[in-house]
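Take each chain as given, in its own frame, and dock them per the hints.
Spelled out, the chains give:
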Amino acid sequence: MSASEMALVAKDVRKTFVRNKGEAVEALAGISLEVRSGTLTALVGPDGSGKTTLLRLASGLLVPDSGSLDVIGIDVTRNPQAVQNKISYMPQRFGLYEDLSVQENLDLYADLHDVTRERRAEVYPRLFEMTQLGRFKGRPAGKLSGGMKQKLGLACTLVRSPQLLLLDEPTVGVDPLSRRELWEIVFKLVKEEELSVIVSTSYLDEAERCEHAVLMHAGRVLAAGKPDEITARAEGCCFLVSDMNGAPARSLQARLFSLPGVADAVPEAGRVRVVTKLPTQRLSLDLAGARLEAEAVKPRFEDAFMMLFGVVMSDQPREIAPVAGNRIAGGSEVVVEVRDLVRTFGDFTAVDHVSFDVRRGEVYGLLGPNGAGKSTTFKMLCGLLPATSGSLEVAGANLLTAGARAREKLGYVAQKFSLYGQLTIDENLEFFASAYGLRGAAKKERIEELKQQFELDQFSHLPSGQLPGGFKQRLALAAALLHQPRILFLDEATSGADPFARRQFWARITALSEAGVTIIVTTHFMEEAEYCDRIIILDAGKNLAEGTPVDIRALAETHEGLAPTMEQAFIAIVEKERSKRKENAG
Amino acid sequence: MSERERARRFASFRRIRALIRKESWQLLRDPSSIAIGIVMPIALLVLFGYGINLDVKNVPVAIVMEDNSEAARGVASAFELSDYFSAMPVKTMAEAQGMLMSAHADAIVRIPSHFARDFGLGNAQVQVIVNGADSNTARISLGYAQGAVGVWAQKEAGRRGNSVGMVTIESRLWFNEANDSTYFLVPGLIVLVMTLIGSMLTALVMAREWERGTFEALFVTPVNSFEILLGKTVPYFLLGLAGLALCIAGSKLLFNVPLRGSLSILTVVSMLYLLVSLGLGLVISSGTKNQFIASQVTMLVTFLPAMMLSGFMYDPRSMPLAVQVITYIFPARYFVTLLQTLFLAGNIWSVILPNAAILAGMAVALLALSVRLTRKRIA
Chain G
5 MSASEMALVA
15 KDVRKTFVRN
25 KGEAVEALAG
35 ISLEVRSGTL
45 TALVGPDGSG
55 KTTLLRLASG
65 LLVPDSGSLD
75 VIGIDVTRNP
85 QAVQNKISYM
95 PQRFGLYEDL
105 SVQENLDLYA
115 DLHDVTRERR
125 AEVYPRLFEM
135 TQLGRFKGRP
145 AGKLSGGMKQ
155 KLGLACTLVR
165 SPQLLLLDEP
175 TVGVDPLSRR
185 ELWEIVFKLV
195 KEEELSVIVS
205 TSYLDEAERC
215 EHAVLMHAGR
225 VLAAGKPDEI
235 TARAEGCCFL
245 VSDMNGAPAR
255 SLQARLFSLP
265 GVADAVPEAG
275 RVRVVTKLPT
285 QRLSLDLAGA
295 RLEAEAVKPR
305 FEDAFMMLFG
315 VVMSDQPREI
325 APVAGNRIAG
335 GSEVVVEVRD
345 LVRTFGDFTA
355 VDHVSFDVRR
365 GEVYGLLGPN
375 GAGKSTTFKM
385 LCGLLPATSG
395 SLEVAGANLL
405 TAGARAREKL
415 GYVAQKFSLY
425 GQLTIDENLE
435 FFASAYGLRG
445 AAKKERIEEL
455 KQQFELDQFS
465 HLPSGQLPGG
475 FKQRLALAAA
485 LLHQPRILFL
495 DEATSGADPF
505 ARRQFWARIT
515 ALSEAGVTII
525 VTTHFMEEAE
535 YCDRIIILDA
545 GKNLAEGTPV
555 DIRALAETHE
565 GLAPTMEQAF
575 IAIVEKERSK
585 RKENAG
Chain Z
93 MSERERARRF
103 ASFRRIRALI
113 RKESWQLLRD
123 PSSIAIGIVM
133 PIALLVLFGY
143 GINLDVKNVP
153 VAIVMEDNSE
163 AARGVASAFE
173 LSDYFSAMPV
183 KTMAEAQGML
193 MSAHADAIVR
203 IPSHFARDFG
213 LGNAQVQVIV
223 NGADSNTARI
233 SLGYAQGAVG
243 VWAQKEAGRR
253 GNSVGMVTIE
263 SRLWFNEAND
273 STYFLVPGLI
283 VLVMTLIGSM
293 LTALVMAREW
303 ERGTFEALFV
313 TPVNSFEILL
323 GKTVPYFLLG
333 LAGLALCIAG
343 SKLLFNVPLR
353 GSLSILTVVS
363 MLYLLVSLGL
373 GLVISSGTKN
383 QFIASQVTML
393 VTFLPAMMLS
403 GFMYDPRSMP
413 LAVQVITYIF
423 PARYFVTLLQ
433 TLFLAGNIWS
443 VILPNAAILA
453 GMAVALLALS
463 VRLTRKRIA
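Those protein sequences? They're chains G and Z, same order as listed.
Under my numbering, the first residue of the first sequence carries the number 5, and numbering increases by one thereafter.
Under my numbering, the first residue of the second sequence carries the number 93, and numbering increases by one thereafter.
Derived from the structure by calculation, the hints contain no laboratory data.
Cβ atoms here follow ideal geometry from the backbone N, Cα and C, with glycine treated the same way.
It is possible that some hints are incorrect.
So the derived label-pair ranges between C-beta atoms look like this [what the hints assert, rightly or not]:
id : chain 1 : residue 1 : chain 2 : residue 2 : range
1  : G       : R409      : Z       : L330      : 54 to 62 Å
2  : Z       : R469      : G       : K90       : 12 to 20 Å
3  : Z       : R100      : G       : G150      : 53 to 61 Å
4  : Z       : D122      : G       : Q107      : 48 to 56 Å
5  : Z       : S116      : G       : E196      : 30 to 38 Å
6  : G       : R343      : Z       : S116      : 49 to 57 Å
Heads up, simulated DSBU-like pairs for lysine-lysine below, C-alpha to C-alpha not over 30 Å straight-line [said to hold, decoys possible]:
id : chain 1 : residue 1 : chain 2 : residue 2
7  : G       : K584      : G       : K546
8  : Z       : K247      : G       : K90
9  : Z       : K468      : G       : K15
Here chain Z stands alone, though its shape is the one from the complex (with noise of 0.2 Å):
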């Protein structure tokens, strides 16, 4: 590296320095980018540990045959007959377990080897294992299983004439064992606060600056667009990161959720998403230079997504196939499934690594677009 080329980093490091610290002594001073960054996650914190009741449809669910009598078939199909559940037939129990880690199914129904025997006899058994990550959904889903295996049950035994027929459920609920929706919605508000933090306040003291006219002085001065970009982003990805460390402690000591994953992981995926957002609130705010526009937008893209869309309130899966496809644009969406896999499950890999690699492609590209957007011109 020549004298000069070292000279013009350390000047370009200086510029980036004094943005930074720039940027930090307004984010402090300013009451309004504390509220959203240190007591929005404690207020939504308290608000989300109360539970939402919701229906449920469509629960992927699947079916371990180790029988396969014509009862067993019979069960199979009431299972398969319901709206409320989407079937899905499977040899082995190893396999269905797989699913479920991976999420692919959110429940088992295993029909042990001896059921017809045994639903002569007057003591058969259908074992149901529900993903409680999600209680609500699990609760429901563990009625709506009784419900299927019941309604079977009685029509067959009226069909025999008897009433022999008589069936138990033994039901599981793994994961949240607790079956508590502050479960799930604790962990959930991480996407929140995140959105909030990386798009909403970035893309509002980018259009301040526009609002205040502070960018025109700024533009004129040795400073590029990229140190511009990398002022704002440092000091809202360290706002990201507290508010993060508030929502883990306060799942932790308020709620008593367990970190089933690792918090190096969770760290890590987190960051990323927190950089999605950042750029999302950059490439919105380099379109709108104005405060109350630049906050409508990113509450229509990013906010009301990451909150309805996210399978943070409302399980995809139970949503219209349009709709759900539509999720699938939103990095919220990626990033719960991340999240409620970590705290409530563990470090499944499987679902880790491809969720991860999503986010991080995103976070890339967005602040890319970012840099090529924000252009040095006004008007």
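Chain G extracted, bound-state conformation (with noise of 0.2 Å):
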């Protein structure tokens, strides 16, 4: 097969990168990969499978310590420039230049790539009209919203047509909606201009709507071929499980993910979708107390995902420890009260008389597109920002008049890693601990107590800020709860985690609500609504709908006999009360 034919051929490549103490980690082990020019091609895998590594090295950024790596015909490593005149690469994090305007940032990658006046001139208004930036031109991009920004960034590095295109994580931090239109927008440029592209993802749906996927793990390639010929090793493996005893899907599901013949297991729609590590004709799974029944499904590339990675992460503990804690029973004690909340900056309306409850004990979701007045509310919800008008009663305490006291009984993790990175875990629990007021024999038994149930002893001497990505959720989580909070909200606690992370994550999320607490969370992983008691979703500021899981999904129509995922469903709910809005307004 001649040079040409091929986008990207990488023989046995390794990089490893020295830390600051002069550990090293090992990014790529000796990756070999061959990519067909034409097609569009994922690299999926966990946080630190190598994937970012692979496409700085790909676009010449990062020299490879050893094997050899053509790019579109071009030995990279010796001539990076002549790969560079030639492709297009967005970053992960696109910088845009924040004082630049939008139409100002698109001309000056319009003259770096040398793009001719008649060729701006076509291409140029059709790139407005994908991206539907084109009202907004003369906008600082520093002003964008986060998806608007990536769709400029990829508007950036589409103004001429790339022999390759390299995407790292487009769609990382935005919402279901602006995902969906920058997926459009690659599709439709595939298919128009036949281009090349390869983009990395940690979204395992958008990895089966490619037409070649390359499954990576610890910077090597685990699997490689066509989605669906990935998807059918899970053939057979697949169910939707329920107890008629009435247990939640959540609870089920954790109990179910840490049984050893089971890779996977998700709730879905009430139920629980279990892969099995094994083709089964009948799944019989044995569960104290639990009556079960389960129903075989069609298997989804997630569940061969899980299935091939349940074998290499087999060492990841799967069983979380219950939490300590005064179990209740009914849990309808309203702990949470919002009526008529208000916020408005300036003649803008962030939030638009929102009212929802949540009582003692459950899992709220708060769902919504960037913009959409969720974080607002979530700042109003923690005492962070006062809100404009309504009441808003946390804890039987109202915000608006009694703070303090309120928050005393109210943990936080926050979207970012808001840590101390120089402290180790055991210095940052001591300061968090002091901070809450908690003093002597009492902190040193929390402390411990904390760091036996999340299993933070291993690395209690680093430096939070060099710790494994699920390590630093964890500790943050750990932090928040030193004060035996009782309300609990988590501000995208899992954005940018691996599925695995992910799911350890909410069984500890589980074991905590099973134990009283009553937690509040925000994100963007539509399946992860799953895991909620109930769920509200939000835009422009306005109630859209609130509901079970179940309820959401019945809101959308079902498509060829297909229920909608949660995705779909958001996106339906969003998109027809959006047009409606349009309809109202002209």
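In structure tokens form, the structure reads like this:
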């Protein structure tokens, strides 16, 4: 096969980085890979599997330690500029010039790629139409929303037709609607211009839609092929399970996930989707005190992914110790009461008459696209931002009048890692415990308890900034629980975490809710909404829908006999509301 | 030149133009750049309009011995023995003047031919000429000179057992007749402003590109590292010239500092120093990819030496020898010499040429180094 037919050929490529403390981290452990021209290829894998490193090597930004790497038929190690002249690359965090307007950013990249005036006249209107950025040409890039920034980044890489387009997690931190729009642009280009695209992603549904998928783990290729072929590996392994005794899906999921024969278990529409490690005719699972009923279903790409990963991640603990606490029976006590909550910034209304209740021990989800008012609502719930009007009772205290007293009963995990990176796990916990007013033996005891519960002993000497991603998140959660809050707020706590870490995380949340802690979460992963007892969907500051995951799914129509996924339901609800609003306005 | 080669060059030119335009937009829209480029020079100009009192030691003094009598040698030895002076005996006044011009001497002590006779008569004179460019040093040197001669005269009179010995000092201040510290501080400010704009600002904006991840996308385009550096250099070079104009205008209009040398030479040597500063800023930023560290390093490597070790505030000759040697590492030292010469003395080619040549050499070396060090690589 001639070189030009191959967009990328990697042979035994290795790359090792040295961390601050002299510790070597092997990002790529001898990877071999061929990507055909004119295809859309997805690199999938958990954080730290080497996706970004591979893309940076391919774009000539890094030099491999060994092995050979040819990109569009050119040895990129020897001649990076020749490759860079012909490809386009969109880094994970596309560095837009924030002081420059949308048009100026686009012009800069057009100039750098030597795009002629005639070609611009042809390309610009198309890019503006696809990205819907036409209205914002004059706006500084720094003032765009997250989703729009990503779209502008993509537009900048597409001012000319590259021979190969490299996209590094283009949809990370982007809401489901913008995510779908970004993918529509990519699909259109692949179809119209026969572009070769390599895209890395941690969203498995995105990989499923590509022609070719490469599963990466710990710097190696775990599997590669057509997504259908990969999905087929899970044939006969997938079941929807429910408990006739009526245990919530979340609790059932946590128990099923820890069974030895189970590769994966996630809640889905009130039931639990179980993937077994081996194909089986009839699922026979033994769970004390449960009456299980299983229905065989067709596998999805994610099922196969989790099956393949279950093998390499078998050393990861799956069982989460139950949390000691005063177990609650019914849980009808309302602990968070929001009535007609309004927050305005100037003449902009971020939260528009929102009301909801959360009961004790519930897991309650706040969902919505970027800019829907989730974060604003969240900040007001935590007492970080005063409300313009409406009432807000948290743990029996009115936050508007008795903020400090209510806050004692709250725990908060921010979206970004907000502990001290230079302090070790012990020092961080020590500090936050003191900040919460814990002292002496009680403090020591509580810290030990949490370290055990979150399995933090292993790295307790390491500066927390150098912890692996999953551990950082556990530490942040442990720190938020030091003072035994009755209500826990989680702001996109699983953003950027791999599927395994996310399942572990949710198992902990389930254990906490069983111990009577009320949990309020925001998330971009719609399937995570399935873990919630109830969810509320916000857009433009308004309450669009509220109810159990099953209720919400029922609001969207069924297509070709297939029940909508949570994500499809979410998109349908938001779009319906938006078009209604447009009609009213027009 | 082939057609293809021409097209290639033209494309490169267009890329550089695009980068310069982008940088200029950023510069104009970022209040902190404006603050460093325009507000800072004005603030410094006003601030340094006030004098600073400093100690003086080992002032190089040329002693013109027109009289070879014992009395004359006595006066000369009073200077030689003093801690405040380092005396260099010369034969003629012309020779001494040459040394003053080329800044080898800061003062001339002239012992006239009939000093011994006049001393006997009680009306001896010693002429002291001090380089007033640095007015503090000058004023203090003059005081010390008076002291040295006075002590000698008293001792001599006591030895002779009479009170005839009277020496008057006839002092002249050259170059800075007004003896005003603003005369050397204000032109010296140019060195601070050029350093801030050239090194600090450039290192900061380079680090900002690393921090915000803007380089990662920019690198994977046909643009090469030379074009990136040129795109950074040109706008800040122009901003530096604006700062220079501000300083010159300010020193002329606000403080009436005379400009004895030519404006064009001043502009040329300032451009040279600006290039050195830009080179330093770019070299520093190739090593540090974090704005905070970049600002600390430039502060330590460029700004503080420009302030303390360049001769702008403290005369290097009153520093310990080891420190004096160190001052020659820093380009600011040469630029300050040039500035003080051009403002207060004139077009003294014997000073201008070697110092300008050193700056030019440094500029070429640093800019070449920055091109070598800046790679289109991350991590």
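Quick one: are D122 (chain Z) and Q107 (chain G) within 48 to 56 Å, going by C-beta? violated (19 Å)
Do the beta carbons of R409 (chain G) and L330 (chain Z) sit within 54 to 62 Å of each other? Between R409 (chain G) and L330 (chain Z), where Cβ atoms are some 59 Å apart, the hint holds.
Given the hint that K247 (chain Z) pairs with K90 (chain G), does the C-alpha gap stay at or below 30 Å? violated (88 Å)
Using the Cβ atoms, figure out if R469 (chain Z) sits within 12 to 20 Å of K90 (chain G). holds (19 Å)
With 53 to 61 Å as the target window, see if R100 (chain Z) and G150 (chain G) comply at their CB atoms. 39 Å Cβ-Cβ, so the 53 to 61 Å window is violated.
Kindly confirm whether 30 to 38 Å is satisfied by the beta carbon distance between S116 (chain Z) and E196 (chain G). holds (36 Å)
Check the hint pairing K468 (chain Z) with K15 (chain G) against an upper bound of 30 Å on the C-alpha distance. Status holds; Cα separation ~23 Å.
Mind checking the alpha carbons of K584 (chain G) and K546 (chain G) for me, to see if they're no more than 30 Å apart? This hinted pair holds, its Cα atoms lying about 13 Å apart.
Are R343 (chain G) and S116 (chain Z) spaced within 49 to 57 Å by their CB atoms? holds (53 Å)
In this structure, the hints that do not hold are numbers 3, 4 and 8, in rising order.
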